[in-house]
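Trainee: Just so you know, we're using this note's numbering here: the sequence shown kicks off at 1 and counts up by one.
Worth double-checking, as some hints may not be accurate.
Label-pair distances were calculated between CB atoms; the ranges are [stated by the list, open to error]:
no., residue 1, residue 2, range
1, Asp-160, Val-70, 50 to 56 Å
2, Pro-75, Gln-124, 34 to 40 Å
3, Gly-110, Gly-152, 34 to 40 Å
4, Asp-133, Glu-103, 35 to 41 Å
5, His-108, Asn-173, 15 to 21 Å
6, Arg-156, Leu-58, 35 to 41 Å
7, Val-134, His-163, 30 to 36 Å
8, Asn-173, Asp-59, 24 to 30 Å
9, Ser-69, Gly-120, 15 to 21 Å
These are computed hints drawn from the structure, not numbers from a lab.
Heads up, the beta-carbon is just placed ideally off N, CA and C, and yes, glycines get one too.
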Amino acid sequence: MRQLPYPTLLPILALILTLSGCARHTKRLSGPPAKPVENRPDAQANPVASGNRQVKTLDPIRVQTGRYSVVTARPSAEQVNPLLMVIDVRLPRDIFTVRDAAEYLLRHSGYRLADPDEHGPKVQVLLNQTVPDVQRHLGPLTVQDALRVLGGPAFRLQVDPVHRVVSYELLPNDETGGL
């Protein structure tokens, strides 16, 4: 067996390589560091003078989600208004009418289509129409815009956020361009 010329150098080299692999590499985040989240709801309240009265505004809560990532704890637009959820939908073949398609689009939104008695006769005609083939694939767009596409240019989408009900309203002739 052949002997290495520098037998003591090999363990030292291995130790240096091992230690260099364990060195901490830190990356400085831009912006202020994340604040710890406190349990008191008014812990981060800052009084702001507004005329003669003081209004409390809350600093956004920042949550560390990873070693180097911090996010602001706020609801997304879709969580606040489910009709703003972006969808990409192919309507199933068993969906024939605009009413069926609208109900299908609303199924996960928490909203529902208004009862048939609440619609006028012209809206009833719209809801009983068959869905055009060009509208069988909708998206990517918001649920609200998909419902507008189904209604077409002669109808305005009405949203009741209190009761979470959507309906259509026939536009006057001057707003539809004489359709």
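Trainee: Starting from the hint 15 to 21 Å, judge whether the C-beta atoms of His-108 and Asn-173 obey it.
Mentor: violated, 36 Å
Trainee: If I claimed the Cβ atoms of Ser-69 and Gly-120 lie 15 to 21 Å apart, would that claim hold in this structure?
Mentor: The hint (15 to 21 Å, Cβ to Cβ) is violated, given that Ser-69 and Gly-120 are roughly 52 Å apart.
Trainee: Range first: 35 to 41 Å. Now tell me if the beta carbons of Arg-156 and Leu-58 are that far apart.
Mentor: holds, 37 Å
Trainee: Tell me if the beta carbons of Pro-75 and Gln-124 are separated by a distance inside 34 to 40 Å.
Mentor: With a Cβ separation near 36 Å, Pro-75 and Gln-124 satisfy 34 to 40 Å, so the hint holds.
Trainee: Asn-173 and Asp-59, beta-carbon distance inside 24 to 30 Å?
Mentor: violated, 52 Å
Trainee: Given the range 35 to 41 Å, decide if the beta-carbon distance of Asp-133 to Glu-103 lies inside it.
Mentor: violated, 19 Å
Trainee: Looking only at beta-carbon atoms, does the pair Val-134, His-163 fall within the given range of 30 to 36 Å?
Mentor: Holds, at about 32 Å.
Trainee: Between Asp-160 and Val-70, does the C-beta distance stay in 50 to 56 Å?
Mentor: violated, 38 Å
Trainee: Indicate whether the distance between the beta carbons of Gly-110 and Gly-152 respects the range 34 to 40 Å.
Mentor: violated, 25 Å
Going through the hint list in order, the structure does not satisfy hints 1, 3, 4, 5, 8 and 9.
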